[in-house]
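Colleague: Sequence:
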Amino acid sequence: MNIFKKYILIFTFLSFTLNLFLLMGSANTVNYPLTVIDDTETAVNIPQEPQRIISTAPSNTEILFDLGLQEKIIGITNYCNFPEETKNIEKIGEISPLNFEKIISLNPDLILAYAG
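Letter 39 of the sequence shown, counting from 1, is numbered 39 in the UniProt record's numbering, and no numbers are missing.
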């Protein structure tokens, strides 16, 4: 292989790697306002990035922690006990029936619920 082909190969590899890193960094960007479709096929408008989140299901709480959003969680149910850090988050009561007075008193930006 001549020297020119080696440089082309190295340049191509470095370009691909750089582009891959740039794409990975931009994958976490969300533009607000954001409209999402929920399970009932209702369009839900989220005007800005939520800062105060309530989770009404243990699975949602675990996902929020996996996404690194634990600092934004202000309320969880009594059944949300994993990860260990959930013990420091205010409890909103049982999964059913939900304590709507408690939820409203916490003034959330976003409530993640499970309809099942």
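Honestly, the hints are just simulated from the structure, not real lab data.
Please read these numbers as outputs of a predicted model, since none were measured by experiment.
Accuracy of the hints is not assured; some may be wrong.
Claimed, not checked - Lysine to any residue pairs mimicking SDA-like chemistry, simulated, CA-CA at most 25 Å apart: (1) Lys87 - Ile111; (2) Lys87 - Asn107; (3) Lys102 - Thr29; (4) Lys87 - Gln51; (5) Lys102 - Asn31; (6) Lys102 - Ile74; (7) Lys72 - Glu94; (8) Lys72 - Phe82; (9) Lys87 - Asn99; (10) Lys102 - Asn78; (11) Lys91 - Pro108; (12) Lys91 - Thr35; (13) Lys87 - Lys102; (14) Lys102 - Val30; (15) Lys72 - Glu85; (16) Lys91 - Tyr114; (17) Lys91 - Leu69; (18) Lys91 - Glu71; (19) Lys102 - Pro83; (20) Lys87 - Phe100.
Colleague: Could you run down the list of hints and mark each one as holding or not?
Modeller: Here is how each hint holds up against the structure:
Proposed proximity of lysine 87 and isoleucine 111 is supported: the alpha carbons are some 19 Å apart, at most 25 Å. Between lysine 87 and asparagine 107 the alpha-carbon distance is near 20 Å, which keeps this suggested pair within the 25 Å criterion. Proximity of lysine 102 to threonine 29 is assessed by CA-CA distance (about 32 Å); at most 25 Å being required, the pair is judged violated. Our distance criterion of 25 Å between C-alpha atoms is met by lysine 87 and glutamine 51, whose separation comes to about 20 Å.
With a C-alpha separation of about 30 Å, the suggested pair lysine 102 and asparagine 31 falls outside the 25 Å cut-off, and the hint is violated. Between lysine 102 and isoleucine 74 the alpha-carbon distance is near 11 Å, which keeps this suggested pair within the 25 Å criterion. With a C-alpha separation of about 20 Å, the suggested pairing of lysine 72 with glutamate 94 holds against the 25 Å cut-off. With a C-alpha separation of about 16 Å, the suggested pair lysine 72 and phenylalanine 82 falls inside the 25 Å cut-off, and the hint holds.
Between lysine 87 and asparagine 99 the alpha-carbon distance is near 19 Å, which keeps this suggested pair within the 25 Å criterion. Simply put, lysine 102 and asparagine 78 have alpha-carbon atoms about 13 Å apart, close enough for the 25 Å limit, and the pair holds. Under the criterion of a C-alpha separation no larger than 25 Å, the hint pairing lysine 91 with proline 108 is consistent with the structure, at around 13 Å. Distance hint between lysine 91 and threonine 35 is unfulfilled; the C-alpha atoms sit about 28 Å from each other, more than 25 Å.
For the given pair, lysine 87 sits about 17 Å from lysine 102 by alpha-carbon distance, which is consistent with the 25 Å threshold. Straight-line distance between C-alpha atoms of lysine 102 and valine 30 comes to about 30 Å, which puts the hinted pair past the 25 Å bound. Annotation: proposed proximity of lysine 72 to glutamate 85 holds, straight-line Cα distance about 13 Å (limit 25 Å). Restraint check for lysine 91 and tyrosine 114: the C-alpha separation of about 17 Å stays at or below 25 Å, so the hint holds.
For the suggested pair lysine 91 and leucine 69, the alpha carbons sit about 17 Å apart, so the restraint of at most 25 Å is met. The straight-line distance between the Cα atoms of lysine 91 and glutamate 71 is roughly 15 Å, inside the 25 Å bound, and the hint therefore holds. For the hint pairing lysine 102 with proline 83, the CA-to-CA distance comes to about 23 Å; that is within 25 Å, so the pair holds. Of the supplied pair hints, the one linking lysine 87 and phenylalanine 100 holds, its CA atoms being roughly 21 Å apart against a limit of 25 Å.
Of the numbered hints listed earlier, those contradicted by the structure are 3, 5, 12, 14.
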